[in-house]
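Enquirer: If you read the protein sequences in the order shown, they are chains A and B.
Quick note: the numbering used here has the first sequence finishing at residue 428, numbered continuously throughout.
Quick note: the numbering used here has the second sequence finishing at residue 122, numbered continuously throughout.
Because the hints were derived from the structure by calculation, they are not lab data.
Check each hint, because a few of them may be wrong.
What follows is a set of in silico ranges between Cβ atoms, one per label pair, in the way DEER data are often shown [stated by the list, open to error]:
(1) E22(B) with R135(A): 39 to 47 angstroms
(2) K158(A) with A120(B): 52 to 60 angstroms
(3) K76(B) with G106(A): 51 to 59 angstroms
(4) V100(B) with E75(A): 42 to 50 angstroms
(5) P336(A) with P119(B): 31 to 39 angstroms
(6) I18(B) with D224(A): 23 to 31 angstroms
(7) A47(B) with K223(A): 28 to 36 angstroms
(8) S191(A) with N5(B): 15 to 23 angstroms
(9) E75(A) with E22(B): 27 to 35 angstroms
Subject to a maximum C-alpha distance of 30 angstroms in a straight line, what follows is the list of computed DSBU-like cross-link-like pairs (lysine-lysine) [as the list claims (entries may be wrong)]:
(10) K425(A) with K414(A)
(11) K158(A) with K4(B)
(12) K77(A) with K4(B)
(13) K76(B) with K354(A)
(14) K60(A) with K122(B)
(15) K78(B) with K158(A)
(16) K71(B) with K85(B)
Even for Gly, the Cβ is constructed at its ideal location relative to N, Cα and C.
Letter by letter, the chains look like this.
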Amino acid sequence: MSIKKQYDVVVIGSGPGGLAAAIEAKKGGADDVLVVERDVELGGILLQCIHNGFGLQTFKEDLPGPEYAQRYINEAKTLGITFLLDTMVMDVTSQRKLYLSSRDFGYLEVDARAIVLAMGCRERTRAQVRIPGYRPNGVFNAGTAQRWVNVEGFMPGKRFVILGSGDIGMIMARRLTFEGAHVERVLEVQSYLSGLSRNYVQCLEDWDISLQLQHTVKKIIGKDRVEAIESVAVDDKWNFIPGTEEIIPCDTLLLSVGLIPENELSKKAGVILDPVTGGPFVDEHFQTNVPGIFAAGNVVHVYDLVDYVSMAGAGAGKSAAEFAIAEKERAARYIPLVPGKNVRYIVPHKLDKKALEQGDISLQMRVTRPIEEDVWLEVRGDENSIVKRSERYVRPGEMVTIVLKPRMAAELEKTGKLTVDIYPKSEA
Amino acid sequence: MEEKNFICTACPTGCKLIVRMEGEEVVKILGQRCRKGETYGRQEAIAPQRMVASTVKIANGIHPLLPVYTKGSIPKRKIMEVLEKIRAVELTAPVKAEDVVIANVIGTGVDVIASRDMPAVK
Numbered sequence: 001m002s003i004k005k006q007y008d009v010v011v012i013g014s015g016p017g018g019l020a021a022a023i024e025a026k027k028g029g030a031d032d033v034l035v036v037e038r039d040v041e042l043g044g045i046l047l048q049c050i051h052n053g054f055g056l057q058t059f060k061e062d063l064p065g066p067e068y069a070q071r072y073i074n075e076a077k078t079l080g081i082t083f084l085l086d087t088m089v090m091d092v093t094s095q096r097k098l099y100l101s102s103r104d105f106g107y108l109e110v111d112a113r114a115i116v117l118a119m120g121c122r123e124r125t126r127a128q129v130r131i132p133g134y135r136p137n138g139v140f141n142a143g144t145a146q147r148w149v150n151v152e153g154f155m156p157g158k159r160f161v162i163l164g165s166g167d168i169g170m171i172m173a174r175r176l177t178f179e180g181a182h183v184e185r186v187l188e189v190q191s192y193l194s195g196l197s198r199n200y201v202q203c204l205e206d207w208d209i210s211l212q213l214q215h216t217v218k219k220i221i222g223k224d225r226v227e228a229i230e231s232v233a234v235d236d237k238w239n240f241i242p243g244t245e246e247i248i249p250c251d252t253l254l255l256s257v258g259l260i261p262e263n264e265l266s267k268k269a270g271v272i273l274d275p276v277t278g279g280p281f282v283d284e285h286f287q288t289n290v291p292g293i294f295a296a297g298n299v300v301h302v303y304d305l306v307d308y309v310s311m312a313g314a315g316a317g318k319s320a321a322e323f324a325i326a327e328k329e330r331a332a333r334y335i336p337l338v339p340g341k342n343v344r345y346i347v348p349h350k351l352d353k354k355a356l357e358q359g360d361i362s363l364q365m366r367v368t369r370p371i372e373e374d375v376w377l378e379v380r381g382d383e384n385s386i387v388k389r390s391e392r393y394v395r396p397g398e399m400v401t402i403v404l405k406p407r408m409a410a411e412l413e414k415t416g417k418l419t420v421d422i423y424p425k426s427e428a
Numbered sequence: 001m002e003e004k005n006f007i008c009t010a011c012p013t014g015c016k017l018i019v020r021m022e023g024e025e026v027v028k029i030l031g032q033r034c035r036k037g038e039t040y041g042r043q044e045a046i047a048p049q050r051m052v053a054s055t056v057k058i059a060n061g062i063h064p065l066l067p068v069y070t071k072g073s074i075p076k077r078k079i080m081e082v083l084e085k086i087r088a089v090e091l092t093a094p095v096k097a098e099d100v101v102i103a104n105v106i107g108t109g110v111d112v113i114a115s116r117d118m119p120a121v122k
């Protein structure tokens, strides 16, 4: 496999949003589609979501996350999409240039006619919910624990308290129970469940794990390792209610306290973010404020169901392909203006052949050296002469102008570039 | 007549079901918005069923674990027993998604299958 200098569509991230985007971009007529993934394999976070419940809408089946991802991976692989694994996107510009660092290919620069941002989201951490106490070992984000238990084969602890009733937290409560751990409690600061009620039933109720609404962690106890947490009830404004404190012994605290769209790269490209969602402002094509940069899935806003992420990805991928194709057609209409004999430069540097239908186009240039006798000014195509006129002399200090007329459009159509020569008639 | 309350888990909607029982028999199901809810409510009142997902050890794969799941639902009270069987399995990569890992697990008539491809490392 070799990596090209330019792609029609580059997709950043190979989770459900990215895979669907790449597939639709390819199906939508983009010739070269590149997917850049920082992990060693395709699929994103779905690979650690081993529980079922995915794909009820898309496939009308109840699938685990890896299987849902597998179907998109299999389809993507049959379409001739290029995948760059174990590769970080270090920077993206508003001109749609990407700077990559790849394990196999080293440093790479790639130009994209269109980009789909599909970096997903990341978890809110302890620092963002401000829990006082020491900083002992044993405080994990629920998603990190999920990766450990389901992919890497480590148990983060034996006795758990989970803060937050998000889906990942509840699903981990069941998963840890399956693996022999004890989940003491799930605490939720709000007065309602933040995840799906089906997860409350299957993950907590089924396993007699108690959920306390309007409760939070007041303090983490333990210096080297978590020894307990102090829970407390809160009022409607999340103020602690004195006298409701309870010490819950545990060795691990899992945080399931929300997700934030991951947009560091978007910002570098000049993409403007909505302070409410944390993701880019997008139009109905999922295009951001930067032309040709699209965004899809959890990078835009955090979804509840993967099926909707796939749908959003597909929409963004289709739009990105349309943009790239239009861009390619527009670029193909442009021909360069090449300074020939005794011409130092020409402005404009390139021109749209179709623009001649709208009216005259003036070519302005300066000569390299003076010629103090009758000269020909000639604009040539690849194999044809477009226009030729004479001057009594040319001097570098005096700008030369040649006008292209709409009647020359037919000759212009035949060429891939224009060359301007300025030479003495005596040499002709 | 006895009434049982459930939250349907057949899909993410989470309909609140009321199942009216006459002894061991379901006489009426209320609150469901689709056929799946009807099936779920009946099942939940008589013999609750669940799908189970876990992992098995795998050698020579890019990860040490392979995610697996029950192709269909099994009796809820048998989950721990099924998990024990799953925990005892050790495989060697390569494995393909949907390959059968345990056929007819503990006589439930349901297969435990692989949730993904696990290519061999070497």
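Enquirer: Take a look at whether the Cβ-Cβ distance between I18(B) and D224(A) falls inside 23 to 31 angstroms.
Expert: Given a distance of about 51 angstroms, which is not inside 23 to 31 angstroms, the answer is violated.
Enquirer: Take a look at whether the Cβ-Cβ distance between E75(A) and E22(B) falls inside 27 to 35 angstroms.
Expert: Between E75(A) and E22(B), where Cβ atoms are some 50 angstroms apart, the hint is violated.
Enquirer: Does 31 to 39 angstroms hold as the CB distance between P336(A) and P119(B), or does it fail?
Expert: Violated - the Cβ-Cβ distance for P336(A) and P119(B), about 47 angstroms, lies outside 31 to 39 angstroms.
Enquirer: Just to be careful, I want the Cα atoms of K76(B) and K354(A) compared with a cutoff of 30 angstroms; is the pair within it?
Expert: violated, 70 angstroms
Enquirer: How does the Cβ-Cβ distance of S191(A) and N5(B) compare with 15 to 23 angstroms: does it lie in that range?
Expert: Hint holds: Cβ distance 20 angstroms, inside 15 to 23 angstroms.
Enquirer: Are K76(B) and G106(A) spaced within 51 to 59 angstroms by their CB atoms?
Expert: holds, 53 angstroms
Enquirer: Taking 30 angstroms as the top limit, are the C-alpha atoms of K425(A) and K414(A) close enough?
Expert: Satisfied, since the Cα-Cα distance of roughly 26 angstroms is no more than 30 angstroms.
Enquirer: Within 42 to 50 angstroms or not, the Cβ separation of V100(B) and E75(A)?
Expert: violated, 23 angstroms
Enquirer: Does K122(B) lie within 30 angstroms of K60(A) when you go C-alpha to C-alpha?
Expert: It is violated: about 36 angstroms lies between the C-alpha atoms, which goes past 30 angstroms.
Enquirer: Check the hint pairing K158(A) with K4(B) against an upper bound of 30 angstroms on the C-alpha distance.
Expert: violated, 34 angstroms
Enquirer: Please verify whether K77(A) and K4(B) have alpha carbons no more than 30 angstroms apart.
Expert: At roughly 48 angstroms apart (the allowed maximum being 30 angstroms), K4(B) and K77(A) break the hint.
Enquirer: Between K158(A) and A120(B), does the beta-carbon spacing fit 52 to 60 angstroms?
Expert: violated, 33 angstroms
Checked against the numbered hints given earlier, this structure breaks hints 1, 2, 4, 5, 6, 7, 9, 11, 12, 13 and 14; the rest are met.
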